Amino acid sequence: MPEIDLAPLKPAIENYIPLGRSGLLPALHAAQKMYGWLPQEVAGEVAKILRVPLADVHGVIEFYSLFYNEPVGKKIIRVCTDQACALKNADGILNRLCKQYDLEPHQTHSELNLTIEPSPCLGMCELAPAVWTMDNGHSTVGDGLSEVESPRSLVYGQNRLLTANCGNGTTSLDQYGKYSALEKAKSISREEVVNEIKSSGLVGRGGAAFPTGIKWEGAMKAHADQKYVICNADESEPGTFKDRILLLDDPHRTIEGMCIAAYAIGASKGYIYIRAEYPYILPVLENALTEARNAGYLGKDFDIEIRVGAGAYICGEETALFESIEGKRGFPRVKPPFPTTYGVFGKPTVINNVETLCNVPLILSIGSAEYRKIGTEKSPGPKLFCVSGDVGKPGLYEFPFGVTLRDALEMAGGVANKKQLKSVLFGGAAGAFATAEHLDVKMTFEDLRSVGLPLGSGVVMVYDETRDMRDVLKRLGKFFAHESCGKCYPCQMGSQRQMEILNRIADGKTQAGDFIRLQDVGWTMTDASLCGLGQTAASAVLSAMKIWPELFKDEGGMMKDEKESRKSKVESRVSKAPKASAKTVKKAIVKKKVSKVSKNNVKTVKKATKPKATKKKTTKTPKKK
Amino acid sequence: MTITFSLDGKEITVEDNATLLDAARENGADVPTICYHDATTANGLCRMCVVEVEGQRVLQPACIVKAGAGMQVQTRSEKVIRSRKTILEMLDSTMDLSEAEEVQTMMKDYSADVNRFPDAKRRESPVIDDNPMFIRDYSKCLLCWRCVQVCADDAQYTFAINFDGRGFETQIGTFFDKPIPETSCVLCGQCAAVCPTGALKPKREFLLEQGMTPQEISVLNTGRKKRKNV
Ligand SMILES: Cc1cc2nc3c(=O)[nH]c(=O)nc-3n(C[C@H](O)[C@H](O)[C@H](O)COP(=O)(O)O)c2cc1C
Ligand code: SF4
Ligand code: FES
Numbered sequence: 001m002p003e004i005d006l007a008p009l010k011p012a013i014e015n016y017i018p019l020g021r022s023g024l025l026p027a028l029h030a031a032q033k034m035y036g037w038l039p040q041e042v043a044g045e046v047a048k049i050l051r052v053p054l055a056d057v058h059g060v061i062e063f064y065s066l067f068y069n070e071p072v073g074k075k076i077i078r079v080c081t082d083q084a085c086a087l088k089n090a091d092g093i094l095n096r097l098c099k100q101y102d103l104e105p106h107q108t109h110s111e112l113n114l115t116i117e118p119s120p121c122l123g124m125c126e127l128a129p130a131v132w133t134m135d136n137g138h139s140t141v142g143d144g145l146s147e148v149e150s151p152r153s154l155v156y157g158q159n160r161l162l163t164a165n166c167g168n169g170t171t172s173l174d175q176y177g178k179y180s181a182l183e184k185a186k187s188i189s190r191e192e193v194v195n196e197i198k199s200s201g202l203v204g205r206g207g208a209a210f211p212t213g214i215k216w217e218g219a220m221k222a223h224a225d226q227k228y229v230i231c232n233a234d235e236s237e238p239g240t241f242k243d244r245i246l247l248l249d250d251p252h253r254t255i256e257g258m259c260i261a262a263y264a265i266g267a268s269k270g271y272i273y274i275r276a277e278y279p280y281i282l283p284v285l286e287n288a289l290t291e292a293r294n295a296g297y298l299g300k301d302f303d304i305e306i307r308v309g310a311g312a313y314i315c316g317e318e319t320a321l322f323e324s325i326e327g328k329r330g331f332p333r334v335k336p337p338f339p340t341t342y343g344v345f346g347k348p349t350v351i352n353n354v355e356t357l358c359n360v361p362l363i364l365s366i367g368s369a370e371y372r373k374i375g376t377e378k379s380p381g382p383k384l385f386c387v388s389g390d391v392g393k394p395g396l397y398e399f400p401f402g403v404t405l406r407d408a409l410e411m412a413g414g415v416a417n418k419k420q421l422k423s424v425l426f427g428g429a430a431g432a433f434a435t436a437e438h439l440d441v442k443m444t445f446e447d448l449r450s451v452g453l454p455l456g457s458g459v460v461m462v463y464d465e466t467r468d469m470r471d472v473l474k475r476l477g478k479f480f481a482h483e484s485c486g487k488c489y490p491c492q493m494g495s496q497r498q499m500e501i502l503n504r505i506a507d508g509k510t511q512a513g514d515f516i517r518l519q520d521v522g523w524t525m526t527d528a529s530l531c532g533l534g535q536t537a538a539s540a541v542l543s544a545m546k547i548w549p550e551l552f553k554d555e556g557g558m559m560k561d562e563k564e565s566r567k568s569k570v571e572s573r574v575s576k577a578p579k580a581s582a583k584t585v586k587k588a589i590v591k592k593k594v595s596k597v598s599k600n601n602v603k604t605v606k607k608a609t610k611p612k613a614t615k616k617k618t619t620k621t622p623k624k625k
Numbered sequence: 001m002t003i004t005f006s007l008d009g010k011e012i013t014v015e016d017n018a019t020l021l022d023a024a025r026e027n028g029a030d031v032p033t034i035c036y037h038d039a040t041t042a043n044g045l046c047r048m049c050v051v052e053v054e055g056q057r058v059l060q061p062a063c064i065v066k067a068g069a070g071m072q073v074q075t076r077s078e079k080v081i082r083s084r085k086t087i088l089e090m091l092d093s094t095m096d097l098s099e100a101e102e103v104q105t106m107m108k109d110y111s112a113d114v115n116r117f118p119d120a121k122r123r124e125s126p127v128i129d130d131n132p133m134f135i136r137d138y139s140k141c142l143l144c145w146r147c148v149q150v151c152a153d154d155a156q157y158t159f160a161i162n163f164d165g166r167g168f169e170t171q172i173g174t175f176f177d178k179p180i181p182e183t184s185c186v187l188c189g190q191c192a193a194v195c196p197t198g199a200l201k202p203k204r205e206f207l208l209e210q211g212m213t214p215q216e217i218s219v220l221n222t223g224r225k226k227r228k229n230v
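Same order as they appear, the protein sequences are chains A and B. Residue 409 in the working numbering sits at position 409 of the first sequence; the count goes up by one each step and never skips. Residue 85 in the working numbering sits at position 85 of the second sequence; the count goes up by one each step and never skips.
Be careful, since some hints might not be right.
[Claimed, not checked] Straight-line alpha carbon distances no greater than 30 Å define the calculated DSSO-like cross-link-like pairs of lysine-lysine that follow:
{"hint": "1", "chain 1": "A", "residue 1": "LYS33", "chain 2": "A", "residue 2": "LYS10"}
{"hint": "2", "chain 1": "A", "residue 1": "LYS328", "chain 2": "B", "residue 2": "LYS66"}
{"hint": "3", "chain 1": "A", "residue 1": "LYS474", "chain 2": "A", "residue 2": "LYS418"}
{"hint": "4", "chain 1": "B", "residue 1": "LYS201", "chain 2": "A", "residue 2": "LYS328"}
{"hint": "5", "chain 1": "A", "residue 1": "LYS478", "chain 2": "A", "residue 2": "LYS99"}
{"hint": "6", "chain 1": "A", "residue 1": "LYS553", "chain 2": "B", "residue 2": "LYS79"}
{"hint": "7", "chain 1": "A", "residue 1": "LYS198", "chain 2": "A", "residue 2": "LYS300"}
{"hint": "8", "chain 1": "A", "residue 1": "LYS48", "chain 2": "B", "residue 2": "LYS178"}
{"hint": "9", "chain 1": "A", "residue 1": "LYS474", "chain 2": "B", "residue 2": "LYS201"}
{"hint": "10", "chain 1": "A", "residue 1": "LYS347", "chain 2": "B", "residue 2": "LYS66"}
{"hint": "11", "chain 1": "A", "residue 1": "LYS10", "chain 2": "B", "residue 2": "LYS178"}
{"hint": "12", "chain 1": "A", "residue 1": "LYS474", "chain 2": "A", "residue 2": "LYS546"}
Treat the hints as calculated values from the structure; they're not laboratory data. Keep in mind it's a predicted model, so treat the numbers as computed, not measured.
Whole structure, please, built from the sequences with the hints as guidance.
Okay, here's the thing in structure tokens:
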């Protein structure tokens, strides 16, 4: 391997030195941009320059799937194989690309300098199939055949308040006009602003549906020398793409929302934390921030910095997001303390979803009373729905709360190809399945809750009658096993065990006891996990088990558990069964692996013994033809 | 100041900054813990200590949650037992618990089935013997984080170890998996002292187990004192 020239590194990351540890992710991004990946020497130098312990830098690189500690191609093609794309032949596209270049997924072609990877949801579900390519730092998106700079926005709805400026390219500040809602906010007291948000009944659109006004009030009342406002634009929930469109087409609405939040709680600093899979939004955001600074909205008592994630769904969880901004592995924290008193850097923080923030200027402009006329009494306001999968017209739909699922599907062109509806995944991977039985349920928080469906981030993923739900579940299992941070035991091991059982079911190799086993794992994750990821990692699976118990039966159509359940109670108590067998097998495996180990090659040791889901990379030098 | 709340249906009174774990232990209720240790900041990650608190959607980690006046706490509800048992069964299907005696006892207490997860992927790696002080056998590691914590700001401020991978594939590791002597490790031995599973073990103990005699060991360069004498 050629010597690595470390000289240009320091100038490239010098700006981050004042940030200290918090500059670690930006510095690693910058370093990876220069070197293509993060070799040991580079990681060591970053550690030295930022004065972060070496082991910690390594830990951070290992955590985020878009940081590479092994060589990858200058060009990386990522094919989304998640829910919506799977319905549009994502596996076929991945296979075709791999074949074309004679590669396996995750492999690097050293001559072509090319890596091909499957990817979790890329947030382009309505345009599925989605492929994201990074070629020497230049990003394009496409469907595996053609590529463009940034994805199109397909936006629909009759009375578009939140998406008024969406669907026709980026809205400049000139087009957006004055931040009149901010001016209105500043003409009244902080308390009055908070009260206005409280009376509007706005609740968070990021998934947890927490009342925004109460959150703001908490942070407003907290005493501290410094407070923060954070816009959560991590948007990694499979099936969700609304924030991508809001930020790309109308960045000023979010920025104005953040400015109003900052005024209300007394924050001087803001962050927009955006997932790395949306690089095409960065120049748009940078430009909008500059426009806002030039117009005097930012830069005086409040300013905003953009932070880019690095491939970790968990970093959308608010406390994991704080850790990530602080330059750490994205481990969620235990709550309490809550962000409003102890957020990023231990300071009072308001964190809101992009869509939540986009509601804020609207509320201030028309007033909370007028705002409450939209939607229903308990779910006031407009709501964005990310409709994708087997529908005629996938896209972003703005409806007032209260539209039924039937109406929504009708407006979205119905089930594609005149097929019948099998199911709708509501709320994303962390959501639950609905069936035709739920078509007349109104899409409000309260109506959905009453039938056990979470609204989540507004995902409506449609599956037609021909779809094999076992394949859908298998992908859900893979998603959570891949994205679990590994902090708490129920989720760390449960997501893995859940994936294994779902794989068996999809492969028709169900084992005796799998139904109850899957349920116990699911309930344990739901009840005992530390954060929302684990608590919802089995939500869709458990709902599927209720709706389609037959899917979990073996080929004979018999639920093995029917026999098993009666026995198992007795067995579990007496089972001193041959544990030795597992142990013997294990020994044999270890032995075989150790024999492969060459003493002076630590890398090989690691690879041979610990294949990682998160960092699975191999290099391939093609045979000379 | 003291507060009164209900623990398993019994009114009890404790200091107002007591955790539910403190309260339970003072009052003879058995709440199992794995990750919790007096010397380290409680992270609430093993979730063995979870209890059911009325009004809370999910189970609460007793090692962290403070007792509050009027709380209704169940330490052995059906949900609690199911979670603990399943966690234990998943642990056993994942790593080598042969030297984790406390966990073994819990397995018995909760009638955990050692064959609950057939064909489950295990976390396995060869024993790493790269320094004179301790060996690292991460097949036995149950990721309690204690070693990382004492190595970092809970005690030593050495920051020699951190994590490889994430999720199920997590393992404790050094910078690019370098051998311990090439890291900032000062061989203080605190990690081995807090390890509950034999994953980190003083070299001497390891060698005795391997069948060496104390005499044979003494001629080897093990341990910190020996090193200083050299
Ligand atoms: C695993 C996980 C991922 C999440 N991802 C996001 C996300 O991408 N965007 C978001 O706004 N909220 C996400 N959330 C919810 C946040 O934790 C938090 O509730 C939200 O940002 C608060 O903003 P809101 O009140 O405006 O919804 C996620 C939660 C969990 C548990
Ligand atoms: S090596 Fe020991 S102390 Fe460290 S995390 Fe594993 S079990 Fe805990
Ligand atoms: S002892 Fe409470 S979570 Fe581990």
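Checked hints:
no.	hint	in the structure
1	LYS33(A) - LYS10(A)	13 Å, holds
2	LYS328(A) - LYS66(B)	27 Å, holds
3	LYS474(A) - LYS418(A)	26 Å, holds
4	LYS201(B) - LYS328(A)	28 Å, holds
5	LYS478(A) - LYS99(A)	23 Å, holds
6	LYS553(A) - LYS79(B)	26 Å, holds
7	LYS198(A) - LYS300(A)	27 Å, holds
8	LYS48(A) - LYS178(B)	17 Å, holds
9	LYS474(A) - LYS201(B)	39 Å, violated
10	LYS347(A) - LYS66(B)	22 Å, holds
11	LYS10(A) - LYS178(B)	24 Å, holds
12	LYS474(A) - LYS546(A)	17 Å, holds
This entry does not satisfy hint 9, going by the numbered hints stated previously; all others are met.
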